[in-house]
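Given chain F's structure and the hints, the job is docking chain W onto it.
Chains as they are written, first to last, in numbering that gives the first Met the number 0: chain F, 0 to 248; chain W, 0 to 254.
These are calculated hints, taken from the structure and not from any lab test.
In silico lysine-lysine, PhoX-like type, Cα no more than 25 Å apart, as pairs:
1. F:K211 to W:K131
2. W:K116 to W:K130
3. F:K66 to F:K123
4. F:K83 to F:K5
5. W:K123 to W:K71
6. W:K130 to F:K211
7. F:K211 to W:K123
8. W:K71 to W:K109
9. W:K79 to W:K130
Listed below, chain by chain, are the residues.
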Amino acid sequence: MAERLKGKVALISGGARGQGAVEGKLFAREGAKVVLGDVLEEEGRRTAEEIRAAGGEAVFVTLDVTKADDWQRAVDTAVSTYGKLDILVNNAGILQMEGLEDITPETWDRVMAVNATGVWLGMKAAVPALRRAGGGSIINISSISGLIGTGMQTAYQASKGAVRIMTKTAAMQYAKEGIRVNSVHPGPIDTPMTTGLDREVWQMFLRSVPLKRAGTPEDVAYGVLYLASDESSFVTGAELVIDGGYTAQ
Amino acid sequence: MAGRLEGKVALITGGASGIGEATAKLFAREGARVVVADVQTAKGKAVVAAIRAAGGEAAFIRANVAREGDAKRMVAFAVKRYGRLDILFNNAGVENPKPEVETSVAEWDKVMDVNVKGVFLGTKYAIPEMKKNGGGSIINTSSIFGLVGSPGFAAYHASKGAVRLLTKSTALAHAADNIRCNAICPGVIETPMFAQVLSEAPNPDTARAEWMEMEPIGRFGRPDDIAYGALYLASDESSYVTGTELVIDGGYTAR
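Bound-form chain F, shown alone (with noise of 0.2 Å):
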């Protein structure tokens, strides 16, 4: 097998289940060892578990996104654990359906701190370890919401704007470092994040994505590995959509 990622470390938020527990996977079977961080401590240690019984190498650490020192040690547990840290994926996010007059000022403030302030925090904490490792590459997940507007989700598109620039001035800021710095953005995913929605809601938008079906966690792992992988070592600063075409019309 090819192992894209063969001798790499990889810390990835959110990895506990869905998109961010697919990335992690995936990119175990191509040879990195994978920091799974999350809320979600039971699911994680049970997907850190379901790598090492496939042959990969994992560890699931404790990681609020929004809190500096929880940052902190799951760079250290990579760190001391693996030995580096070559690779940040930013995938822990929470959804908000709501639009600017109905939206409380808590639910702002949650929204922003996971998705934007969690994004930040993460590349603050990791950005020492991978100059140390004399490069990596980091990849932020956006979101179509980072790109376009949808007349709702005044909180979650406001995060993902916020994330798909972010990501552009860090690219800036380290690329001499060798470090990139590239955002993704999923359109409609079948996810853990999404199965709450409405299905007559999630239908109709599914009608209006080209390709006529929902993505795949699988389809935005293969784009976040290629930003991951040495394969991208010019792109830095870009944007990766995949979306089955939505944001083309």
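Okay, now just chain W, sitting in the frame of chain F:
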């Protein structure tokens, strides 16, 4: 080891040198059977020979993508030779480093013919063949100059901007056929075309340094950097990716 393009047939225009050559070799290593189309016959045959020597499958056809008859023939050749067509990389292109006033109508027409009409014609004749297999992937080479402006490439900018939007049109028109279409926007890549641009500059060394200034990452791209992006878009790993641009530019357009 199963290649990422095992069982697939790929047609690569401009496959004799630069990005096309690197992509042809990579696709073949990943299990694709590759048709190299180019106006450069000797170089194209050399690429095919190198692929075969490495154990891959490839064939060359001389084709000027701006000519309808050639575009038709290269697609028919791929299908006749390998039985199907899954991937089309519309990569052939020419540059013209001149601003508006200095660009002749003949130069304008040549750039638009190769860079835009060539993509249209390749797409037009590939799609019916891809439909027969239940889908396919078309990759068009646009450029960072299809995204941002510069003061000296009038026809080239126009052509690469056209490719960017033609890509979206193709993606939407053929999504229902399960044919995906995406553009790659390379930054400054060390290719024969870039060497040509430098050689046409008043002072090639100064020009080289100025281009380097534009690359935040501190190096120029290599043809393989683009080939790996094309591989991602060609393979089923990107099966939910269509109508988009993959920018491989060392951060040029993120500033």
